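Enquirer: Using this note's numbering, read the sequence shown as starting at 107 and increasing by one per residue.
For the record, the hints were derived by calculation from the structure and aren't laboratory data. Fair warning: this is a prediction, and the values are worked out from it, not measured in the lab. From the three backbone atoms N, C-alpha and C, an ideal C-beta is built for every residue, glycine too. Treat the hints with caution; some may be incorrect.
Claimed, not checked - Estimated spans, in silico, between C-beta atoms of each pair:
no.: 1; residue 1: Lys147; residue 2: Glu173; range: 33 to 39 Å
no.: 2; residue 1: Trp113; residue 2: Glu164; range: 44 to 50 Å
no.: 3; residue 1: Glu114; residue 2: Gly190; range: 57 to 63 Å
no.: 4; residue 1: Arg188; residue 2: Arg137; range: 47 to 53 Å
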Amino acid sequence: MALHLKWELFTAFAFSCFILVATLYNREPFRTVIRWNNAIKEHWAAQAQAQPPIPHAEELTAVEYCEQLNLSMEFFQQAVQRRG
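With the sequences and hints as input, model every part of the structure.
Expert: Here's what the structure looks like:
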């Protein structure tokens, strides 16, 4: 039993070292995973920098919302009725 656990521990350690070294030396497929990770981070960062047209619009009344967007109240009511 103890010998079997040592073998499993050695295998897990060797596999972890392989992944670490392959990542540090920028080898495939780890290079692709790192590129995907960076692309996802850049995408989220770009979206985080985008500002909403009206900050905290949920706190405005319908009239204030229409005034901020230069919409007529009739147009707003029709749009709301169309969408249910």
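Enquirer: Of the numbered hints stated earlier in the document, which are not met by this structure?
Expert: The structure breaks only hint 2.
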